Amino acid sequence: MKLCMVVLLILAQLANRKAESSNSLSSSDIIAFSAAVISLFSLFFTYYSVYLSKELEIKYKKFESLGIETIQKLLSSIDKVFEENPDDLVITQLQAITENLVDIELFLIQFTNIYSKLEITKISNLKDLFSDELYNNNQVEIKRMKVNYLVFRTKLLTDLYDFAILDDIGLWNRLKRIVNVS
Amino acid sequence: METYNVDLNTLVNSNVDLISGRAFGEKEAEKFHIMDHVNNNEKIVIYIDDQKVKAINDSFIKGFFSDVFKILKTKERVQQIFEVEGNDYFIRLFHKNWTILEALYGSSTNPSAIS
Numbered sequence: 000m001k002l003c004m005v006v007l008l009i010l011a012q013l014a015n016r017k018a019e020s021s022n023s024l025s026s027s028d029i030i031a032f033s034a035a036v037i038s039l040f041s042l043f044f045t046y047y048s049v050y051l052s053k054e055l056e057i058k059y060k061k062f063e064s065l066g067i068e069t070i071q072k073l074l075s076s077i078d079k080v081f082e083e084n085p086d087d088l089v090i091t092q093l094q095a096i097t098e099n100l101v102d103i104e105l106f107l108i109q110f111t112n113i114y115s116k117l118e119i120t121k122i123s124n125l126k127d128l129f130s131d132e133l134y135n136n137n138q139v140e141i142k143r144m145k146v147n148y149l150v151f152r153t154k155l156l157t158d159l160y161d162f163a164i165l166d167d168i169g170l171w172n173r174l175k176r177i178v179n180v181s
Numbered sequence: 000m001e002t003y004n005v006d007l008n009t010l011v012n013s014n015v016d017l018i019s020g021r022a023f024g025e026k027e028a029e030k031f032h033i034m035d036h037v038n039n040n041e042k043i044v045i046y047i048d049d050q051k052v053k054a055i056n057d058s059f060i061k062g063f064f065s066d067v068f069k070i071l072k073t074k075e076r077v078q079q080i081f082e083v084e085g086n087d088y089f090i091r092l093f094h095k096n097w098t099i100l101e102a103l104y105g106s107s108t109n110p111s112a113i114s
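The listed protein sequences correspond, in order, to chains A and B.
Taking numbering that gives the first Met the number 0, the leading residue of the first sequence gets 0, the next gets one more, and so forth.
Taking numbering that gives the first Met the number 0, the leading residue of the second sequence gets 0, the next gets one more, and so forth.
Chain A extracted, bound-state conformation:
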């Protein structure tokens, strides 16, 4: 609104000068007018970019604190099982690990009420794959399944970070919005 008023003011001044001189606009007037318009666009673009980057930052922090931190907390329970019982057979800790994996899936399912574009099926499949590996290797020592766990952990967090950067709340959508506005 303010920008429109400034543009109107400049146009009014130019019209006034034109009326006073009763001549057509000089080239310097046109250059000055163009410079003013470009400056105003730049100002608007800068303002909008700052606004969007701040919005993105807040949304990302919200996603990180609601989603990723909760998942890391849930994963820390499984970390503990792997750290504290490296020589036990997998079967002895299956109940604890299964329950924590179900909690992760349950949380993410509820999380899709807020972030509906989160691909829960992909994450569920990832979890099921790891869970099946554990059940299929239930007679081996836990330490031998640690690499499988780390792969699962990394993929899960990567999927969530990718979602944060590229999808629903992502930078790419914000850039598209900037391009559309400009």
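Fair warning: there could be bad hints in the mix.
Said to hold, decoys possible - From the structure, some residues in chain B lie toward chain A, with a derived Cβ separation under 7 Å: (1) E29; (2) S58; (3) K95; (4) A102.
To be clear, the hints were calculated from the coordinates, so they are not data collected in a lab.
No experiment lies behind these values; they were computed from the predicted model shown.
The C-beta atom is built at its ideal place from N, Cα and C for all residues, glycine as well.
On the provided structure of chain A, position chain B as indicated by the hints.
Then chain B, alone, in the frame of chain A:
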């Protein structure tokens, strides 16, 4: 209301004391004719003895109940028909998975959740 018993202890033996696999769950649901009993409005009680069954992978529960949730949709309706007789861990595990299945197949389904 008639009661039908599903004894999951019969799925383990001295060599295998775990129950796992989505496909296995689907197969066992067919073997127990679960959908027939649901359609007949029978009460279904699932028995799990923790001395015999050491752990159940949630993939089995998903496979076992996927058709049930396609029809009944909500956890509330499933709980009216199914009852789990076992220790707290197994009861909790079934209830959590029912919540997951309700989200996947229920009326409040997130369209992106089902591929």
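For each hint, the structure was consulted:
no.	hint	result
1	E29	violated, 20 Å
2	S58	holds, 5 Å
3	K95	holds, 5 Å
4	A102	holds, 4 Å
Of the numbered hints listed earlier, the single one contradicted by the structure is hint 1.
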